[in-house]
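One line per chain: the protein sequences are P and U, in this order. First residue of the first sequence: 1, per full-length UniProt numbering; consecutive thereafter. First residue of the second sequence: 1, per full-length UniProt numbering; consecutive thereafter.
Keep in mind that the hints were calculated from the coordinates and are not lab data. Do not take every clue at face value.
Pair by pair, the computed Cβ-Cβ distance ranges are [unchecked claim]:
no., chain 1, residue 1, chain 2, residue 2, range
1, P, Ala41, U, Asp109, 27 to 35 Å
2, P, Lys89, U, His67, 19 to 27 Å
3, U, Arg7, P, Pro80, 28 to 36 Å
4, P, Leu77, U, Met110, 30 to 38 Å
5, U, His50, P, Ala51, 47 to 55 Å
6, P, Leu77, U, His50, 36 to 44 Å
Cβ coordinates follow ideal geometry from the N, Cα and C atoms, glycine included.
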Amino acid sequence: MAAAAPSKSEVLSLFRTLLRTARQFSDYNIREYTRRRAADAFRENRALADAPAAAAAFADGKQQLEVAKRQVLVYSLYAPKAKSVVEMKMQ
Amino acid sequence: MAAAALRPAILRHIRLSATTVTPLAAAAAAAQPHALARWLGRPMSSHADHLTHDEVVGRVLDVLKSHPKVDPSKVTPEAHFEKDLGLDSLDTVEVVMAIEEEFKLEIPDMEADKIDSLPLAIEYVANHPMAG
């Protein structure tokens with residue numbers, strides 16, 4: 001698949017949307033993991049030079065976004081009754 | 001004992017003072033029936049106590065200083081994210097998101113893309129009616 005490389009603003013928009021979605025997880029550990037994982041993956045792939053690789057990484061990111069959106073919904077149905085001890089300390 | 005003899009006297013005293021205080025409290029509540037409602041309602045309104053410019057500056061600076069990649073000593077109200085603080089575009093997205101969270105805002109992509117320095121971030125938050 002010889003897709004064109006995504007533009008910088010498209011990439012940043014995907015990153016922002018992933019972080020926004022991560023924020024919606026009710027569970028502290030999942031919320032923080034998703035945020036970290038998104039940031040790490042974008043940093044890891046920031047130097048991708050050739051268009052096909054960048055397009056593939058972008059498509060993978062979009063797929064991960066769909067997974068995250070679905071899991072936000074699923075986890076909201078089974079939200080933990082107690083908050084993580086880390087969150088209790090922060091309040 | 002002397003203590004046993006004192007007991008009824010003390011109890012009578014307490015009962016007396018309780019009956020005299022209660023009508024006073026009731027009268028105070030009747031005189032200002034909305035005092036409690038006002039006190040409860042205040043923090044929920046964003047317009048009653050809108051953020052001052054200094055408060056916005058202080059809180060934006062705090063958000064920047066607590067970001068792991070930012071050197072706190074370099075943070076000034078005039079700093080540019082990329083030129084002065086050495087952040088890249090991904091860091092900038094994270095910083096703007098952190099500012100959103102701090103002020104309970106949702107900055108649209110179009111606006112968030114333009115925020116690349118502290119003066120712009122401060123201006124956006126200070127002019128936002130829902131910033132809290």
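### Query
Do leucine 77 of chain P and methionine 110 of chain U keep their Cβ atoms within the hinted range of 30 to 38 Å?
holds, 33 Å
### Task
With respect to the beta-carbon atoms only, verify the hint that leucine 77 of chain P and histidine 50 of chain U lie 36 to 44 Å apart.
holds, 38 Å
### Task
State, for the Cβ atoms of alanine 41 of chain P and aspartate 109 of chain U, whether the hinted interval 27 to 35 Å holds or is violated.
violated, 20 Å
### Message
Looking only at beta-carbon atoms, does the pair lysine 89 of chain P, histidine 67 of chain U fall within the given range of 19 to 27 Å?
### Response
holds, 20 Å
#### Entry: Consistency of beta-carbon spacing, alanine 51 of chain P to histidine 50 of chain U, with hint 47 to 55 Å
holds, 48 Å
### Query
Could one say that the CB atoms of arginine 7 of chain U and proline 80 of chain P fall in the range 28 to 36 Å?
Cβ of arginine 7 of chain U to Cβ of proline 80 of chain P: about 53 Å, so the range 28 to 36 Å is violated.
Consistency note: the structure conflicts with the earlier hints numbered 1 and 3.
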